[in-house]
Each structure stands twice: as C-alpha cells, then as structure tokens.
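The whole structure should be built from the sequences, with the hints applied where relevant.
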Amino acid sequence: MLPLERQKKIIELLTIRKVMKIAELTEEMQVSIETIRRDINLLTRQGKIEKIYGGVKLVQSKFGESTIDERMFSQLEEKESIAQKCSEYIDDGDCIYIDSGSTTYQIAKYIKQKKKLTVITSSIPVVNELIHSDIEILIIGGKIRRNEQSIVAFDYLFNFSELNISKAFICASGITVEKGISDYNLEEANTRKKIIDLSQEVYVAADSSKFGKDVTIGISSLDKIDYIITDDHLPKDFISSFKEIGTHLILS
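Following the UniProt record's numbering, the numbering of the sequence shown begins with 1 at its first residue and continues without gaps.
Read the hints as simulated data drawn from the structure, not as lab findings. Treat the hints with caution; some may be incorrect.
[Unchecked claim] Straight-line alpha carbon distances no greater than 25 Å define the calculated DSS-like cross-link-like pairs of lysine-lysine that follow:
no.	residue 1	residue 2
1	Lys179	Lys143
2	Lys51	Lys9
3	Lys9	Lys109
4	Lys143	Lys115
5	Lys114	Lys143
6	Lys143	Lys48
7	Lys194	Lys224
8	Lys51	Lys85
As structure tokens, then:
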C-alpha cells in the first residue's frame, strides 16, 4: 500500500472509531510501527490528526465545518446513493459543474463512461478521480483551500461569463425552505452563487442531515434551485414543506 493510501485509510479508520492506539493501527494496516509513526507524524503536521495519550484522533474543526477528509467517510452510503441518482440526470454531451464537497465528489465515480462530457470543477479530488477518464476537465483557477481540497476562484483568475453550463451540481451545509441553501466559507459561497447564475439547471446534492440548518453564509434562495437530491432518511415534515414550492425534491 502506498503512503497516500495508508494515510487515507488512517483517516477513514479514525472517522469511524474516533480514537485508536498505535498498536491497533499497526495491526489493522499490517505494517511496521515505524511506518505507522511516519504516517502519523505527517498527518499531525498537516493538522489532520492529533496525538493523545496512548493513541491518535482526528482534529476537530473549530469553526463549525469539518474537513473534507472527515466528511468523505461520514454517511458514505447515503452520499453514494445521492451521487448515483445525480448521475441519472447527466447525459452524454453535457457540460456540467461538479462542486467541491464530499457528496458531489462521489458523482465523479458514476460518470466516467459518459460520452463527450465536459466537467467544470473547483474540486481537486474530482479532478484526481476523472484524470484518467476520457472526460474533458476544466478546473477553475484561484487560491487553494487546503482543508476543503478545493480552489476558490476570483474574477481576475477565471472568466466565469464564458462558461456554458447545462447542469450544476452544488453542495450545501444547510438547507431550509425559508432561507434556501447556505455554507460556512465566503469564498466557496461566492463561487457557488456565480455558478448558479450561469447554469441552465441547478441541482443541490446534500444528505438529509443538512436539512433544517441555516449556517454562516447564505448562497441562494430556493427559487434559483431546480432540484434537491437527498437520501430517503429525510423526515416527512420536510418532504411535505417542499410540495408548496417550485424546487423539486428527489429522494435517492
């Protein structure tokens, strides 16, 4: 197993088990204690994990939003189901936008066989997932946001007005009928606002835990969102409230 694969596996294990001893990681990964210690030291320097007495744990976010490494493995079954449903709305020849986020990242896994597809993205994991496929990839330029593994764009680095996006798949950390969709980071929110304005159809891909939350930065009211695709654990009161508005709610 390559170092990056081992480190990703360590994050995955800690996401599930919360705290692990070094001996447990050594046994789980089937490598020497020296190798595990090197991985732990690197992940600690990157700010992804922290050492505690007798073991290690994930670093908890201080500002409300967890890192993408943490979110990649939380509610994974629901996110994969949502992503697969999203892929059913993507046709050969489309030009689509895939947002940065743990749910929209999963979409990339289900579209590799599409023909003459163009993907515009700000997500480094999406680029890595599609890099060996035949899909045309356009990556938005700008500043790298390390915790999110995304690129937050600025007008002088990318000409948004020239994009011709048929379908945009957007993430959100909060969804309410009254306030619409919201997120934690201003720069990410600004990019999403511009993509929503430019796209012919807008899809929000978010698991059911995001409903009923209105977090730091407002992105858009629901009148600009055509579809919200979520998992089937969404409470019935949310489902009934969406029947009164124009945004279509789709359960995966």
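Each hint, compared with the structure:
1. Lys179 - Lys143: violated, 28 Å
2. Lys51 - Lys9: holds, 17 Å
3. Lys9 - Lys109: holds, 19 Å
4. Lys143 - Lys115: violated, 31 Å
5. Lys114 - Lys143: Distance of about 30 Å is beyond 25 Å: violated.
6. Lys143 - Lys48: holds, 20 Å
7. Lys194 - Lys224: Holds: Lys194 and Lys224 sit about 12 Å apart, inside 25 Å.
8. Lys51 - Lys85: violated, 39 Å
Hints 1, 4, 5, 8 from the earlier list are contradicted by this structure; the remaining hints agree with it.
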